[in-house]
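Chemist: In order, the protein sequences belong to chains A and B.
Residue 1321 in the working numbering sits at position 201 of the first sequence; the count goes up by one each step and never skips.
Residue 607 in the working numbering sits at position 145 of the second sequence; the count goes up by one each step and never skips.
Simulated from the structure, these hints should not be mistaken for lab results.
Since the structure is predicted, the reported quantities are computational estimates derived from the model, not experimental observations.
Treat the hints with care, as some may be off.
Cross-link-like lysine-lysine pairs, in silico, DSS-like; alpha carbons within 27 angstroms at most [stated by the list, open to error]:
(1) Lys-1125/A to Lys-641/B
(2) Lys-1125/A to Lys-485/B
(3) Lys-486/B to Lys-501/B
(4) Lys-1446/A to Lys-637/B
(5) Lys-1438/A to Lys-1240/A
(6) Lys-1240/A to Lys-641/B
(7) Lys-636/B to Lys-1240/A
Not close to chain A: a few residues of chain B, all C-beta gaps over 10 angstroms, as computed [unchecked claim]:
(8) Asp-464
(9) Ala-481
(10) Arg-496
(11) Asn-510
(12) Ala-584
(13) Gln-626
Where is the CB? At the ideal position from N, CA and C, for every residue including glycine.
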Amino acid sequence: MNSEKLWIAIGETDGAVVAAAENFPKRKPRSLHILLVAAIILSFSVTAFAVIKYRIGINNIWNNGEISESAASEIEKGTVQVGAEKTDEMYSAAVTEALSDGRNLYLTWQIESRGKPFPKGTRTLIDLDFGGVTVNTDMGYVGGEIETGSENILAGYIVTDWNEGMQNVPAALCISNIEAPEEILSGTEYAPDWAAIFEKCEYIDFPEIKYIHGCGDWPKEYFPQYGRLELKTEDSDCNMIDFAYWEDGWLYLTVKNPKSAGTGAESKWIYALCDGETGKEIDFEHRLFAREGGTPATNYYVLAYRADLSTAENAVLKKRGGTVYKAVTEQNFRLDFSAGVTLSSTDLPCAVPGGRISCSALSMSISGVAAAENEAVEITDVTGNSVEIISYSLENILFETPQDPASIASIKINGKEILDANSAVKRGTN
Amino acid sequence: MDDNKIIELYFARNEAAVAETEKKYSGYCGAVARNILNKREDEEECLNDTWLAAWNDIPPSRPSVLRAYLGRITRNLSLNILRRRSAQKRGGLEAILSELDEALPAADSVERELDGRELAAAVNEFVNELSPQEKFFFLQRYWYCNSVSDIAARSGAAQQRVSQVLFRLRARLKKRLEKEGHI
């Protein structure tokens, strides 16, 4: 796969979603959010100060092997346990660890469910309050998930710019809107005459079908139209199931759309196989496959369902209608903490008179060096490898993964070297 | 003119459909083409081809969101024009494709390559799971092909923040595609 293919695929994003992304969405008014959180805190009954059993920390952010030993040692020295926890009968939430060099603050958080596991795809909203100033994903910080290996624990981290005004003041991490995706199935049901489909179908051995589980090779031949079933949907879309066969616990249906089919969501139709009496989905191990190189008239999909048809004789097909998010819990958590600078910076020798380079394991700050508006920063370590950075600001160049300052061998701005590698490294504070 | 009325003109094979489409969407589609092509004459060629493609496709297609439907055609046609410009730089799109390289799974980590439609489905699912703000950043950069500084100006965020968010989203997309690529 190349990036052009990915770019084309991004172009097929659902039209309504693309249209909605034309303008920057506004968040709920901040004051309303705070009031809501305050009300819930009052109704909390904290029965005991429970110790969080499984602790997620800063060292979970970066994968093993991505950081050098010396950088890992710096990080470990600079990491502090925060211990801000809140708990109720069902959930425990905590800010677990913090790491800061005075320019950036890393925090890790986790929520543990003592009851049911969190549904797949659960997400949550995280806000940081610093004495009345709020930062959130709109503008203030970047967040990420941390894999916990447990369905009962959600964890993540945030990294934010952190200026002097935010340091050593009462702060709070607010976890709210814990919700999980739920699929919508359309009200319309299609109850195929399975017996008729199988009766009218002639079993044809398509060896290519065996590749459904893995490869992308598709039969070039046009599937014969046996046992055709027409499905007219409420939006006048007309789909046909015209071939079905059963093999090794998989039910295969070829479904054709006579209209010219794009690859966007608005032309995508996947059917869920549901119990006709309960409406519950029987099987969700199905796959949508498409035939490349076909014309609109011959495009088709092969749906493969893993289902026990003998118990699903009254099975119906329901069209998938998208996903909605529903609350996992109405509880929100406000976790109060304070943190200061935990990781020192080193002054690296600057080749530019009056310039200063301050570097920690997390980030670098360059000052007193005149640069063009769109400065391009390139940093290389002692092995000759590029140090990946994620910043456009000389005041705060955040490393993608932590670096030992002593391993920095070259710093170029717009191609011009500014590190005086011949001088000894001076130890200093930021 | 309302989008549904424009679509009805297409279905009636009334050539006023093209005129109305151009009147309403030349600005929008032009911006999409400009972000990719950077050349006036190419932009005009692209827009003319967009109206023709829509005329040929509707009916039988009946787009649910006409704006995004036209934008997608423009996007794809712009890429075709860029491909013809083999000797020339691809301008803004070059930088975007270079960023998207980071979102691609490592070759040896994927047991099978997703075909075009599966990839589109996986990307669509990924985008749907993003917060509204994340959707804005991601689609503004990789669908609309706007610059980071433009996105920053429109959202009020610092450029650094925009680049950080995009970086993280690319990493998450890569993880998702690696997962989808396994049997």
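Chemist: Which numbered hints does this structure break?
Modeler: 2, 12, 13
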